[in-house]
Amino acid sequence: MTNSNLSRREFLALSATVGASALAACSAPTPAPAPASAPVLPTKADVTLRVQGDEKNEAPILPSFQSKFPHIKLEFVSVTGIDHEEVASKILTMIAAGETLDFGYSATEALQVYAGMGLSQPLDEWVKRDSTEMADFFSEVHPSLVQAMMYEGSLYELPFDFNAANMYINTKLFKDNGIEFPSADWTKDDFVSAARKISKPGDAGKQVYGFGWTNRLWGSWMPWIFANGGNLFEQEEAPGGEWLWGTYYKNDPMAKGRGGGYRWINPVANSPAVVEALQLVVDLYKEGVTPGMVLGGGSELQGLLGDNHLGMTPGGGFWAGGLGNAGFPKGSFDVQLWPKWKNQTHQFGTGGQWMVAASKHKDEVWEYSKHRISKDGMQTWFDTNGIVTTPARRPMLNATAFAKTGPEHWQVFYDTLDKHPETAPIPCPPISNPMTTLFTNYTGQAMDFKLTPQAAMDSLQKELVDLVARSKDVMYPKK
Amino acid sequence: MTDQVSKNSRSARKRQPVSLVSWFAQNTLKGMARRKALLGYIFVAPTILGVTVFVAGPVLFSIALSFYAWNVFQPAKNVGVENYIRMAADSRVLVGFFNSAKFAAIAIGLQIALGLGLALALRTKMTSWMRTYFRTAFFLPFLLSGVATGLVFSYMLNSDFGVVNYYLSLLGFAPIRFLNSSEAALNSVILAYMWQALGFSMIGMLGGLSNVSPDILDAATVDGATGWNWLWHIILPLLSPTIFFMAVVGVISALQIFDQPYAMTRGGPGDASRTMVMSLYEAAFKNMELGYAASISVILFIVIMAVTSVQFISGKKWVFYQ
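Residue numbers (our numbering), protein chains in the order written: chain D, 14 to 492; chain C, 363 to 684.
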């Protein structure tokens, strides 16, 4: 082959343009294109909203929505995960990959994750615009839930549901062991005594445990931290929010002094209250009062409780529907407030729909979100789907709602907010995802006896401080 | 004068522009050779393009990204080698590297040994349908997804209500905290992986054994080779190419293990069963630290390259091709 033939070098030169173009795109990272929405079409009839959610669950309220807005169609994108942070991770990845989305559902765990990255849209302008409908809504919703949906003075979601960590109780095991159903002001010592009485060692598959919990952020050993007067971070009030409190809650004493959401900036994971709370659950495990740590969202514990292998476990209103759907009859379980330790502060999480900031159909998204939290919308949703979570509207928690499933003391769910206004959301700063990973990791090391509770929390504290330091871009930039 | 004209004519011909099409279309031997070469390059172009866009491009992108801090939604910042410095001090990532290495060494060692054992067992006298049944039974798990296998094993190995501990208790043993103890968690994941991957190893070994010339085996038998001698001096050398293939492919796959440990333990308790790829996943998709994740992937790539190179170099000493 002579020089005048097409050598490899010449071929590469000929194809350099194509190769260079391809590699040029990879040479330096640039921000991903903002999550795009479905294209705006000229006529109202053609608007299609892409929504992250479960089509089956939403089906009951779609006909009434589409009778009002026949031009708005919904296309559902189902995203599943064992826990909220896993769902949030998937959604972030989807958006980063250019997946289009107009709105989705998020719980407290992800609210500040999306807001901190600028992915979600504040709803302030619409909330102010539709003040009549909003006044009706807010009149039935506890201000704690609303504040948990705020970030840096703006409202990012309308609370649709919430779950506070209360104590679910296996009524048969209580009765069999001669334990009275606890009063609302029962204490940590009452709890430990009951848990010990219920626990019965036995061969694999036959043991009975007094208490069980999953290794996650909400409802794990976190309720003990709150009841002991601790938290993973110092909880601060963000400034702002007067526009909302002054308009919709001006006569509500429980709304007095509330700010524009929460900030969790300074980790206090190795404070004595947190270490003591971890020591409690580690000791209960050592004693054989609790089973081995369970991962995930709690379905395994639901099975144990319903099958009389577990006496008590943290759960919210969603457990009533979960146990009912799993076939456990009304009366086989009940619920009580979390026991008092240094105080009786509960933890909760709330959820609602968030609007994607890049959506080109924000007005349409708002209309659906508003329809979903309307009296009719919520009632229809819960009537059809059952009490698979706790409605945010106070009047919807009534005897009728729990008639089929129980628990008998369903009033506990809203009492947690009304009678304990200090009750607060689980700490979920914009770094909630990596924070949860660290929390569950060190919890695991303490429960495996690899680290003492103090050492585990010291390590967690150090890692949280490092995490906050390297996450300044998303951690409350307005401060 | 004539020479001058001739020189001018040659230089004019040299300067004369030749179009690309006519360059290829020249009806000469060189033109034909060019056309032939072009045809060849056209045929390989899709592959070259695919490799460039889908392999080389992402690899180069990952290497470049490892020097940035980037959460996708905000502009990237060049941080130099900070990600690598952070990784060197990140005990969680280092534990992941150590666990992956341990996982690969134990799992692949056992996989090869047990795969060979099963393959030899299936060569013993048995009816044809029994051989087919066992081959199928051992290979079927390989077709399952790692996540499904992990979930099933996590239920079976549950320390309190798992079926394995139930039978152990019937035999008088105390329950084992398969997934909740840092001593047992990684071994439990290896067990699940082994159950799934053993069939592949067995089929590979059976294929290797079927390639062994019966004449050699007959000659060995005539020479009195039996038992351990037969295995060590005859079978293993003859199977060494298959074993080498299994070791290389297996180690590459094991160093990238993610699905079973994620489904079974999430890397816990603590970091007891965390693997390299779990650290990578966590950094990229849970923490949105794409630059840091890229630096982990670069080191993972280098580790796999190094291990594979060592395998190939050492293979020259113990792999025998017939």
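FYI, nobody ran anything at the bench for these hints, they're computed from the structure. Quantities reported herein were computed from a predicted structural model and do not represent experimental measurements. Be a bit skeptical, because a hint or two may be false.
Said to hold, decoys possible - What the simulated footprint calls covered on chain C by chain D, stretch by stretch (three residues with Cβ under 8 Å from a Cβ of chain D suffice, anywhere in the stretch; the number is not a length):
no.	stretch
1	432-442
2	536-550
3	632-643
Said to hold, decoys possible - Calculated pairs, BS3-like style, for lysine-lysine (alpha carbon to alpha carbon, straight line, at most 27 Å):
no.	chain 1	residue 1	chain 2	residue 2
4	D	463	C	464
5	C	439	D	485
6	D	103	C	487
7	C	648	D	103
8	C	487	D	475
9	D	475	C	648
What the hints assert, rightly or not - Computed Cβ-Cβ distance ranges for the label pairs, DEER-style:
no.	chain 1	residue 1	chain 2	residue 2	range
10	C	506	D	340	24 to 34 Å
11	C	490	D	397	24 to 34 Å
12	C	442	D	152	48 to 58 Å
13	C	509	D	467	49 to 59 Å
14	D	88	C	485	53 to 63 Å
15	C	436	D	88	27 to 37 Å
16	D	88	C	489	54 to 64 Å
17	C	525	D	152	48 to 58 Å
18	D	252	C	531	51 to 61 Å
19	D	340	C	532	45 to 55 Å
20	C	525	D	189	39 to 49 Å
21	D	483	C	485	24 to 34 Å
22	D	73	C	405	55 to 65 Å
Ideal placement from N, C-alpha and C gives every residue a C-beta, glycine not left out.
Here is how each hint holds up against the structure:
no. : hint                      : result
1   : 432-442                   : holds (count 7)
2   : 536-550                   : holds (count 6)
3   : 632-643                   : holds (count 3)
4   : D/463 - C/464             : holds, 20 Å
5   : C/439 - D/485             : holds, 13 Å
6   : D/103 - C/487             : violated, 53 Å
7   : C/648 - D/103             : holds, 8 Å
8   : C/487 - D/475             : violated, 63 Å
9   : D/475 - C/648             : holds, 20 Å
10  : C/506 - D/340: 24 to 34 Å : holds, 29 Å
11  : C/490 - D/397: 24 to 34 Å : violated, 58 Å
12  : C/442 - D/152: 48 to 58 Å : holds, 56 Å
13  : C/509 - D/467: 49 to 59 Å : violated, 36 Å
14  : D/88 - C/485: 53 to 63 Å  : holds, 57 Å
15  : C/436 - D/88: 27 to 37 Å  : holds, 28 Å
16  : D/88 - C/489: 54 to 64 Å  : holds, 57 Å
17  : C/525 - D/152: 48 to 58 Å : holds, 53 Å
18  : D/252 - C/531: 51 to 61 Å : holds, 59 Å
19  : D/340 - C/532: 45 to 55 Å : violated, 28 Å
20  : C/525 - D/189: 39 to 49 Å : violated, 26 Å
21  : D/483 - C/485: 24 to 34 Å : violated, 58 Å
22  : D/73 - C/405: 55 to 65 Å  : holds, 58 Å
In the structure shown, a violation is registered for the earlier hints numbered 6, 8, 11, 13, 19, 20, 21, in ascending order.
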